[in-house]
Each structure stands twice: as C-alpha cells, then as structure tokens.
Amino acid sequence: MDNTVVSIANLSKQFPVGGGFFTALKDVNLTLNEGGFIGLVGPSGSGKTTLLNVIGGLDSPTKGSVHVLGHSMDNTSHNERASLRRKHMGFIFQSYNLLPVYTVFENVELPLILNNVDPNEREKLVSEAIESVGLSHRRDAKPTTLSGGECQRTAIARAIVHQPSLILADEPTANLDAENSHHIMNILVELNKNLTSSFVFATHDEKIMGYLKRMVYLEDGKIVKDETIK
Amino acid sequence: MLFNIALKNLLGARLRTILNVFVTAFSFFIILFFLGMYDGMLQHAKNVTIDTEIAGGAYWHPEYDPLDPMSYEDAHSNLPDDIQALIDKKKAFPVLVSQVSIYPGGRIMPAILKGIPPDQNIVNMPTEALQGINDGTIPVLIGKGMAKDSKLKVGDSFTIRWMDSDKTYDADEGTVVYIMDTENFKLDMGHIWVPLNIAQSMLEMKEEATYVTYAKGLTDNINSKQWISRDVNYLVQDMEAIIEADKPGAQIMYMILLALAAMGIFNAQVLSIFRRGKEIGTLMALGMTRSRVVGLFTLEGGLNAVLATMMMIILFGPILWYFGVEGIPLPIDYSEMGLIMAKRLIPIYSIGLIISTMSLVSIIVLIVSYIPSRKITHMKPTDALRGKAIA
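Protein chains in written order, with the numbering used here: chain V, 1 to 230; chain R, 1 to 391.
To be clear, the hints were calculated from the coordinates, so they are not data collected in a lab.
Glycine residues also receive a C-beta, built at the ideal position from the N, C-alpha and C atoms.
Check each hint, because a few of them may be wrong.
As the list claims (entries may be wrong) - Among the chain R residues that face chain V by a calculated CB cut under 7 Å, a handful are:
no.: 1; residue: Met1
no.: 2; residue: Ala6
no.: 3; residue: Asn9
no.: 4; residue: Leu15
no.: 5; residue: Gly277
no.: 6; residue: Thr282
no.: 7; residue: Ala285
no.: 8; residue: Gly287
no.: 9; residue: Pro381
no.: 10; residue: Thr382
no.: 11; residue: Asp383
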C-alpha cells in the first residue's frame, strides 16, 4: 500500500521581484511518508517556508509537480486547495496566528466549524485537543492573556483538532524560550506517536532538531542533504 | 456557520464595533428624526388648513383664482340651486371675496375682504365674534399677523374702501371686534373678515358668493356645471408645494448623513481588511475559501446594520418617542414667513418611513461592506499571513 503523503518532483518556485524574478526553490525532489516527523532545515531565505507553503497549497509551484495526499497541487483551483487544507491539513505558525477575539476553546473549535462538525461532537473533540496540549484550565482565556507557550499550544490544538493527515509547522518554536520549545516538541512527538498524522516542520532552531526523525537540509532553494535519524 | 463567526468577530471587537454601530445608529436616528419632522410639519400644516379653511372641500365660482386678486372683481354670482340647498341644510357656507384698501392709522394697505356667515361652524374660525355687533361700523375680524402689520387692536376703527359691483368706489368705517390667533397664515396675512350679509351689502352683491366651503364627510352628490368642485387634495396642493420646496434641504441633509454613515462603515471595513490581514490569511490557511471570507466580512458589515438598528431602538428610540409625543417647541412664529407651522412641532414616524429608512441604510451598509471585502478575492494567502494587505 502506498503511504506517500507528499510527492514533489522537479519543483521550482519563482517570485517576481522588481523587473526580474527571485528563485526561491530550484529542482526540488522530495517524498514524505505517512507518520513522518520531518524537518525542513536551513538558514533564513533557504526556501523552507516557501516549500511548506507549496505543500500546504498556500502557494503554487512555478514548475514541477506536487502531489499532496493524492491530490495534484499543480492544477487545482483555490477552492479545491482550501477544501484539502480544511479537511486534511493543520497549520502551526511561528507567531501562532490565533484570532484575538476568540477564546482558546473558540480558536481550537474554528477548523471544526469550517468542516461543519456537529456542535456536540465539536465540544468533545475540542476538549480532547485542549487536554492533549495541557490547556484545559485556560479554555476560556483570550489569547492576549496567554503566554507564548500557551499560545503555541493553542495553535497546536487547533492544528490537530480535526485529526488531519498532514500537519505543517512553520518555525513553531522560534518565538519561544528553550523550556517552552522543548515542552512544545514533546507534545508534538507525543501527538505523532498517538495520531497517524505526518508532521513537517520548517525550522532553523537547533533546539528542536534532536526530536526530528528526518531532516531535509535546504540552501538557496535546493535540497543539499536529506538525512534520516536512526 | 458564517453568521456565528461574524457575530463572534463583531462582539469580540468590542470598542471598534461599538463605535461603528453607534455611528450607524446615530445616522438612523437623525434621518428618522429629520424626515419625521418634515412629515410632521406637512401633516400638521394639512390638518390646520383642513380644520381652519378647507373642511371637506369647496365649490368655486368659475372666475375665481385665489392667487390672482384681479379675478375677484368678476368672481361672484348667485349660487346654483344644489349648492344653495347645501347651505340651507347648514352643510356648507358661502364666502364673498373682494379686493379692498384699508387705512389703519391713516396709512393705506391693500387687503382682501372676505364675507363669511358669523354662525358657520364648518371651519374652525372664531367667526361668532362678528355676531351681534351693531355700532354702525363694519365689524371686522383679523388675525394676529395682520394686526401686527396694520398696528390695529381690538376696538380700533379704520376706513375700508372698496369697489362695488357697479364699479363705484365706496368707503365706510370698520372696527376690529376680535383678533384671532391662527396657525393658518392664509386666513391672517392681508385678510379682513366681515359678516357675509354686510359684505354683500357693501359690494352690492345680494345673495352672491365667490366660493362655498362644505363640511367634512359630505356625501351629497352635487353635479354643478357652473361652479368648480375643489377637493381637499387640490386645496392643499399649494401648501404641500411649499413644504416640498423645503424638502430638498432635508434630502441633502439625509444624503450627507447617509454618506457619513456609509463612509464610517466603508472606512471600518477597509481598516479591517488592512488590520486583519493576518486573520484573513489564517482563515484561508484553515481552509476557508476566498468567497467565504468575503461573505464573512460582508456579513459583519450587515450585522453592523442590525446591531445599529437595535442600538437605535434602545438608545434613541425613547428620544424619538419623547419628541413624537411632546413635540419640539419652535422659538419663531413661522406664520409671518408664510408658513403654516405649529408652535410645537410634532414629528411623525410612519411605519413606511421607518421601514424605508432602515432598508435603505441597511442596503447601503451591505454595499459598503461588500466593496472593500471584495479585495480579499485578490489576496494571496501567503501575503495575508504575513499581514500584507493589498491596496
């Protein structure tokens, strides 16, 4: 049985800059399997966030083919990609991107609302997700009253609440101190063990590299090293 | 789903929402108040005119044109039988009109003399004051405005000069027997009222009249070929025209207020899209389609209008109600300016006015919410996530 989650062949991505183009990704070939815990590692400007965005369907490839969860991302419409993200993907952002007017519970609930999940089922799933990140006591708090670690745990709960197949995390620990970074990574490792979801991180934070099962090194838009950790 | 999210966003934004909603609610209030005032003015002027002058309508001599005093000379005759029958049944009363000159304090003033039966009770005029005066002079009833202009008081005498039906000028002494306080300037300014029989005798027009005013709710079928029937709608049209002429001012105010409210909401929406770029990006990343994000922002604008309606009812409703019951005292006597205006203006808020105003404001709010929200469809999720909004 094919357990490929992401399959990328000869991917290039260019952005118009001034009168010319900036190449963010060059001939990237990559396959990610189910249950993976993979880091896209590299310095700033190496193309890891762009690669993550292309995988997440937030950006389109300029050249090459990208298949995510069996769907080609090359010729899908905005709405189809939105639907794929809504049902099968979760996102964790560096700056958390929590909606400030919502409570922890409401922020976590949002993907379920977008997926038209029944309110009773929502209550159960949100409570479980919040509990799994250890935030049950802050479920009614607004993001402005949370610490950075709590905000990121809320974002993690929001990313996993609808049990997606693929969770994409862009620098999830960049805004956190060492203690919180390790706490967050422990939660994510635990979730990876318990869920069937695959995790892909874009990071240059050395603190978290020890947790990764596979590291794909990027430099100037190219994959320079692909290392599986035993 | 969108509704719940939009409502949550609006309620969560607290101060921003309160300010937006307040501006819209205030616009609702001002628009309703001003238009209610105009409707009230119009209705009051109509009521006063009907009560004091028109009653159920009139039959005019074919030559009679109230706006042309030169027509009065020929606008008189005996009454057709069926109209006379109404008068005999006390369902109508005749009025004889003529142009005269008066000499209060030795000054000359043109005036319109109207002969009216003192015992009529079809229009609300104190004509009974003309009854039973027999001091050899002509008893005269005038309005406050006329008294002020001519500097006449009750008991003052002055010369009246007129031309009778034989084209002969004659003159006699008139005495002010009563000064009426009326809101209807048409009964007041430039008018002197005398008993009908005296007017007929002065003008050598026995049994003649210029027009006949009949009672409200008259059902008698009069089919007079000689005299022209003028119903209430016809008789109030000049007064409606005066009010209508003033309406563009109110409409300009209405448009300015509406534009202010619309700009406020438009601004808020544009600001929202700029300030909430990251939120838009997050919603897109979570799988919300662009059209749904546009729908969400438009709905937020629409809910703004709903909340504004509620705020208007709660906050400004009692004020509208108070003015609707107590009225607004007017410091100036508008009758001197040729306007029929109550001393206390009572606005009228009709259901039609409320519904049309609220519908119009709501539609405009929806449009100005949608226009800036449409820009989201051109937004790239990655740009939005970086908080980079499009211009």
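Outcome of the hint check:
1. Met1: Holds: closest Cβ of chain V sits about 6 Å from Met1(R), inside 7 Å.
2. Ala6: 11 Å, violated
3. Asn9: 6 Å, holds
4. Leu15: At 11 Å from the nearest chain V Cβ, Leu15(R) fails the 7 Å test, so the hint is violated.
5. Gly277: Violated - the Cβ of Gly277(R) stays beyond 7 Å from chain V, reaching only about 11 Å at its closest.
6. Thr282: With a closest approach of 4 Å, the Thr282(R) hint holds.
7. Ala285: 5 Å, holds
8. Gly287: 2 Å, holds
9. Pro381: 4 Å, holds
10. Thr382: 5 Å, holds
11. Asp383: Violated: closest Cβ of chain V sits about 10 Å from Asp383(R), beyond 7 Å.
Violation of the numbered hints given earlier is confined to hints 2, 4, 5 and 11; the remaining hints are satisfied by the structure.
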